[in-house]
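Quick note, the sequences are listed as chains A and P, same order. If you use our numbering, the first sequence corresponds to residues 1 to 111, in order. If you use our numbering, the second sequence corresponds to residues 1 to 114, in order.
Simulated from the structure, these hints should not be mistaken for lab results. The reader is advised that the hints may include incorrect statements.
Calculated pairs, BS3-like style, for lysine-lysine (alpha carbon to alpha carbon, straight line, at most 30 Å) [to be verified]:
no., chain 1, residue 1, chain 2, residue 2
1, P, 71, A, 79
2, P, 49, P, 101
3, P, 49, P, 71
4, P, 71, P, 58
5, P, 69, P, 101
6, P, 101, A, 80
Restraint-style ranges between C-beta atoms, simulated for each label pair [to be verified]:
no., chain 1, residue 1, chain 2, residue 2, range
7, A, 70, P, 16, 49 to 57 Å
8, A, 57, P, 80, 25 to 33 Å
9, P, 16, A, 96, 48 to 56 Å
Heads up, incomplete: computed chain A residues facing chain P, CB under 8 Å, no partners named [claimed, not checked]:
no., residue
10, 22
11, 43
12, 49
13, 63
14, 92
We put the beta carbon where it would ideally sit given N, CA and C, even for glycine.
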Amino acid sequence: SQTIHQWPATLVQPVGSPLSLECTVEGTSNPNLYWYRQAAGRGLQLLFYSVGIGQISSEVPQNLSASRPQDRQFILSSKKLLLSDSGFYLCAWTVNRNTIYFGEGSWLTVV
Amino acid sequence: AQSVSQHNHHVILSEAASLELGCNYSYGGTVNLFWYVQYPGQHLQLLLKYFSGDPLVKGIKGFEAEFIKSKFSFNLRKPSVQWSDTAEYFCAVIPSGGYNKLIFGAGTRLAVHP
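Chain A with its partners taken away, still in its complex shape (with noise of 0.2 Å):
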């Protein structure tokens, strides 16, 4: 069956420190991958999105970055996190565009 896992579900972090948030996922191949950010007024952001392996798209300037190592595997990272970092991050995919499946998400914290 197609899942979807995503980790850590929790974690706080102090300003200036790296970030590293993973998502991997099952039952499919060649999945459409996304990171979102949810924030309280602006629903779901769409912050980086990947059609294949390498292949990252970058939706807003911030302080983060994305990379797909692997077919099924997305990475949401940072090198220096920020206050303004903090919020609740999604990963999300699809294939032809049909069903769109979630991770659990992950909440950050950055003091």
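Go by the hints and put chain P onto chain A.
Below, chain P without anything else, positioned relative to chain A:
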């Protein structure tokens, strides 16, 4: 750039009132359209989706949406809301072609009072 607009950020209704939430998108080609609901403290849940065919789509929990291509709209409706419909509602679009970018609206918070 492609975008999705949800006109109402906050909606307050009494139980049994009718609901219509607006969603407009900016893209001239074929689109796949979705409505998601997020109940307090819970994850996103699919209400309904449209790919092709009958522009009036029935979803779960009595929701429906109508795709009007000429207006680039996909409004969500429910004839009679319940207190349990209190949630945030998100419209989403996947345009055809390009990179299959999945775009969400900013969401509409619905509060239903008994």
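Status of the hints after comparison with the structure:
1. 71/P <-> 79/A: violated (44 Å)
2. 49/P <-> 101/P: holds (16 Å)
3. 49/P <-> 71/P: holds (18 Å)
4. 71/P <-> 58/P: holds (20 Å)
5. 69/P <-> 101/P: Roughly 19 Å separates the two Cα atoms, so the pair holds.
6. 101/P <-> 80/A: holds (27 Å)
7. 70/A <-> 16/P: 49 to 57 Å: holds (51 Å)
8. 57/A <-> 80/P: 25 to 33 Å: For residue 80/P against residue 57/A, whose Cβ atoms are near 42 Å apart, the range 25 to 33 Å is violated.
9. 16/P <-> 96/A: 48 to 56 Å: violated (39 Å)
10. 22: violated (18 Å)
11. 43: holds (4 Å)
12. 49: holds (6 Å)
13. 63: violated (21 Å)
14. 92: Where the cut-off is 8 Å and the nearest Cβ of chain P is about 7 Å from residue 92/A, the hint holds.
Consistency note: the structure conflicts with the earlier hints numbered 1, 8, 9, 10, 13.
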